[in-house]
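**Student:** Single-letter residue listing:
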Amino acid sequence: MMLSVEDLRVYFSSPRGDVKALDGVDLQVSEGEVVGLAGESGCGKSTLSLAISRLIYPPGRIESGKILFQGNDILKMGPNEFRAGYRWKKIAMIFQGSMNGFTPVFTIGEQIEEVLEIHQYAGDFASRTKDLMKMVELDPVIAERYPHELSGGQKQRAFIAMALAVDPPFLIADEPTTALDVVTQVNIMNLLKRLRKEKGISILIITHDLALLSEIVDRAYILYAGRMAELGTAEQIFKEPKHPYTQGLIGSIPTLQSTKIEGIAGFMPDLANLPPGCKFAQRCPYAMQVCGKEEPLLKETKEGQRVACWLY
Amino acid sequence: MPAGSTRTPVVQLENVSVYFTKKKLLGPQATVKAVDGASIQVGRGEIVGLVGESGSGKTTLGRAAIGLQKPTGGKVLFSKEEGQVDIGTLKGRSWRQMRSHLQIIFQDPFSSIDPNMRVFDVLRIPLLARGVKDRRKVEGMVSDVFGRVGLPTDVLSSFVFQLSGGQRQRVSIARVLLLDPEFIVADEAVSMLDVSLKGDILKIMKTIASDLHVGILFITHEMAVARVISDRIAVMYLGNVVEMGSADQVVGHPLHPYTQALLQASPTIDPSLREVLRTVNVKGEIPSSSAHPSGCKFHPRCPFAMDKCTDNVPELKEIEEGHLVSCWLY
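Chains as they are written, first to last, in the numbering used here: chain A, 1 to 312; chain B, 1 to 330.
Only chain A is shown next, with the shape it has when bound in the complex:
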């Protein structure tokens, strides 16, 4: 097992009380697997990626739970141990808008070489940088340019090259293609597919764009209001979704084939003041009496597919 998140709770303190961004979440990523995490904004999906990268700072705190990376609980490590041995070396991240994460005053190549230097890469820096640029299908000349000379898609590729600088086995991609044009988006997704095939890298993709997710993941998790609503293989989630929320989400993706407009009525509940019972009950078309009282637990409906819903 590459990554195993167990019963993780991340709370943010606020004047209105604790905002429960993640409230008992489990997630697994096996070696070489591409796993998707999807949900609406505010459901806690970025909090999870920050927790795995140990980037939760006050007012946020890890209330309880474990994050096992290759069997070691990274939450128990000291900050230096994590920084020296894990961050970027074993767990690399591409964040939303990370193409703006380059500093404008150094060339792309200098910034990639800095990563190599910090992580004590043994080989020749210049040739490694060149290989990395080729790996993400960029002309090695681009390494000599400054970030402002690159287009958005080129910057995103260069950032992926930097993330892969010291061959991490695990990559977190938080909204890797948001803010890119559709044509560029397809190219970045193709690149991630190729990396996974050629390098066997495990990837956790976090996005609100389910259509994009459906084209790349082996398994997907659907997060709602800080809790897992459903998980399963790509075929199970995208072809036979069980949770009314997943069904609603997939139904509301505009596609070229349909001219119908769908949506899920209502809004996500306030995470500082959660209603009792199922958190989706207020928006659910199938809500029953029990839904407003007791919270459903994840139940296996099929091998590999688990749903937190009283309908099953």
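Because the hints were derived from the structure by calculation, they are not lab data.
No false leads were mixed into what you were given.
No farther apart than 25 Å at their CA atoms in a straight line, the calculated lysine-lysine pairs in the DSS-like style are these:
1) A/Lys90 to A/Lys193
2) A/Lys76 to A/Lys89
3) B/Lys283 to A/Lys197
4) B/Lys22 to B/Lys75
5) B/Lys283 to A/Lys130
6) A/Lys197 to A/Lys89
7) A/Lys90 to A/Lys197
8) B/Lys203 to A/Lys260
9) B/Lys283 to A/Lys134
10) A/Lys299 to A/Lys239
11) A/Lys90 to A/Lys76
12) A/Lys260 to B/Lys206
13) A/Lys134 to A/Lys89
14) B/Lys283 to A/Lys193
15) A/Lys239 to A/Lys197
In this text the structure is predicted, and so the values were computed from the model without any measurement.
Here the structure of chain A is known, so what remains is to put chain B in place on it, guided by the hints.
**Tutor:** For chain B alone, kept in the frame of chain A given last:
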């Protein structure tokens, strides 16, 4: 004529150009041709989708359509009952009266509304500027539009920062509707919203167009969104409209190689694509709008480029009824 619509037009853009000159300290001035001779018309109650990559000039065209941006060439005509007026020639009071009929909804509801205002004030102040002062009348109008945009009236006393993105976007639609618009530019109005909320907002926009006979220019980079909401779709590339037709024509039978590429790149729900790389029949990225290629501006990226395309600019031609394309293939 950039016809294709059978409805009475509310706004007509005729051969509109918007050039920006960049002043440089040293060296020559650079001219950015954001819009370079584009013609579009939007009918009453009609939704026209304007699709293109970033840098294609779609936002600038939208701003020109409501007079927020002065065109450097061409005309923007607004049809009133009394006849057509060129909004570029209006000044002072007559312009102020006109502009409440021409409205815009922005992409980011987090920056287009002051977060420290109460919702009621956000809606009341534009009405005040129009001379509606009676509080009871304002309340009546507000509760009327709130029903339309699906907001409960109890958010009126909330501060804007307390609202979610979906609620804020509804407030900005409500704000626009209070001003009795005849033409609305929706600039990526649903791009920032979650999928579950997108549908609702699109439905609201559609009923606004049909019930209130408002013309809407719906700017988006997502073909699928344009498809579900639009009556007609116009595709823009580097400042020009390269294809225009009914939503069915453009999506079902795309003519321009660029439109075809945009459609190929649209994501679909298909887990079986996991093992395959998707091909999009287009090379490279959109060039900078200060250095347009010669001839057909798409030719350096076009898979079908011929000799002719490098030097000759193709005209927008009608291929079938209401379906226009500017490409030498046709």
